[in-house]
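What follows is the residue order along each chain.
There are 2 protein chains.
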Amino acid sequence: MSTDKFDFEKGKHLRYEEYFQGENNGLFIKIKELLFSKQSKYQRIDIFDSYDVGRVFALDGITQTIEKFEFMYHEMLVHVAMFSHPNPEKVLIIGGGDGGTLREVLRHRCVKEAVMCEIDVEVVLAAKEYLPSLSCAMNDERASLLFKDGAAYVSEFEDYFDVIIIDSTDPTAGEGGHLFTVDFYKRCSRALTDEGLLVAHTENPVYDANWLKMAYSRIEEAFEVTKMYTGFSPQYPSGFWTYTAGSKGNNPSVKVRDDESLESQLKYYNGQIHRACFILPVFLNDIIESKS
Amino acid sequence: MSTDKFDFEKGKHLRYEEYFQGENNGLFIKIKELLFSKQSKYQRIDIFDSYDVGRVFALDGITQTIEKFEFMYHEMLVHVAMFSHPNPEKVLIIGGGDGGTLREVLRHRCVKEAVMCEIDVEVVLAAKEYLPSLSCAMNDERASLLFKDGAAYVSEFEDYFDVIIIDSTDPTAGEGGHLFTVDFYKRCSRALTDEGLLVAHTENPVYDANWLKMAYSRIEEAFEVTKMYTGFSPQYPSGFWTYTAGSKGNNPSVKVRDDESLESQLKYYNGQIHRACFILPVFLNDIIESKS
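So the protein lines, in turn, are chains G and L. For the first sequence, this note's numbering begins at 1 and goes up steadily by one. For the second sequence, this note's numbering begins at 293 and goes up steadily by one.
The hints are simulated quantities; they were obtained by calculation from the structure and are not laboratory data. None of these values were measured; they are calculated from a predicted model. For each residue, glycine too, the CB sits at the ideal point set by N, CA and C. Where hints are given, some of them may not hold.
What the hints assert, rightly or not - Derived coverage of chain L by chain G (criterion: at least 3 residues anywhere in the stretch with Cβ under 8 Å from a Cβ of chain G; other residues may be distant):
# : segment
1 : 307-320
2 : 339-346
3 : 526-540
Next up, chain G with everything else stripped away, as it sits in the complex (with noise of 0.2 Å):
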């Protein structure tokens, strides 16, 4: 969202607009009030209060969170990777600066320590402020809030993170290209121990194929073991969205863990939801099992 995109509708509301591809499709969200806007360092920053679906918070344009389907991509990207780990203490956010990521990290008692890499300070001000259904974890006193580059961060560990989660902008946008590499997804194998998993969300096969094969096969270039799995997730385009989650020989696939108290809090997320997740539609399959 950037302001010039802004648009009067019949003069009387503000409307949010994303584009999908080019600018051809793309959704619209009428707002109810502009919260913050700021162009940091890195990007632009914009929060906006919404009439149906909460709280908006979008990077250069790209939503990034809507505070009523948040659930559904942070309960995936976070809960799948902690559940297929015997005993996750040491986590890795990078990125993640609302901090929804963290948030429900943090919901599993067995961590110790939870370490959010977010380049741009100014985005976790902004959440700090106007979202804390996000970022209420941040005080946790198991959390480590760094303001710096990820892919630098995570090269001065070895043998360290039980779990690696990558919650960065897509390479299209914002400063979260460089966080797409096979040398980055190398480096986190290295920081990570030999029963840890690295998972990053990896776009939608309708709209981002392209760049959804090249995330899959640089992850898969950097670990044994790599499935990917999808979930609803009406905050992106298309609603299709997929994760790839990583590893040395871990099947993230299984569940290999319970928590009842934490599971029968949990809104999209279960151990049924684990298995069905990696099942893949046959088009998506073929997408990622293709040469080219």
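Dock chain L against chain G, hints included.
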């Protein structure tokens, strides 16, 4: 899409807009060429070509079909029920005027008779002219096209059809409203054989949870066995689409038949998807199990 909702973007291109819930959220697609636009006896019919997603067909401003994405909806609407029946020979489609559902039904060689009961002949005529990739099976010798009210038509039958597929407009749009009553579903049950199944699309749980709940409950009232399943459908609001299957005893979540030559041609559905699609995210399960 109605012409008064057309909007000029920077004075260059006409744009189609669909509203999801009130007028606060929606989707837009730039129109490359308006191919057909007519107010029939029942509804406004529009078909246009887009830049990225093929041809788009709308009734009363509600998207029915987007050429690039329709396989996801039509495969999931048709093949789950068809593969849950041991030998579906007689199939009734209520609605489905674009022909996509009929096309998928007739891919099953066991089908001897497929009746498509579409109230609006103008939709079929437009689809034959402007949506050949969907209407391509209308001339199949096993197909009968009837232009009458599906609710009245189905009442003429008892213990006859193997599968009934409801592919109508939403109760909030077009002529489909009367197709969502308990009485209608009971007539469908009566028209089905003992092994028969009904399947209907039942909207999304994001913008239309109340209507989803209502449709599911009414089907549940008319059938012994009722099960909801989901599928990605980027052509519809939120992309998070649900379907509900009802039967007198058959379990729609169990695939009971193989057809290798057909299955090898499908782009979304396969046997694993058949099982996985019945696993519902927690909040969706909560919606359909809630008493209110």
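- Query: Count the residues of the segment 526-540 of chain L with a beta-carbon closer than 8 Å to any beta-carbon of chain G: does the count reach three?
  - Reply: holds (count 4)
- Item | Coverage claim, chain G over the segment 339-346 of chain L, checked by counting residues with Cβ within 8 Å (three needed) | Per the Cβ count (4), the hint holds.
- Query: For the segment 307-320 of chain L, do three or more residues have a beta carbon lying closer than 8 Å to a beta carbon of chain G?
  - Reply: holds (count 9)
Figure legend: structure checked against the earlier numbered hints; every hint is met.
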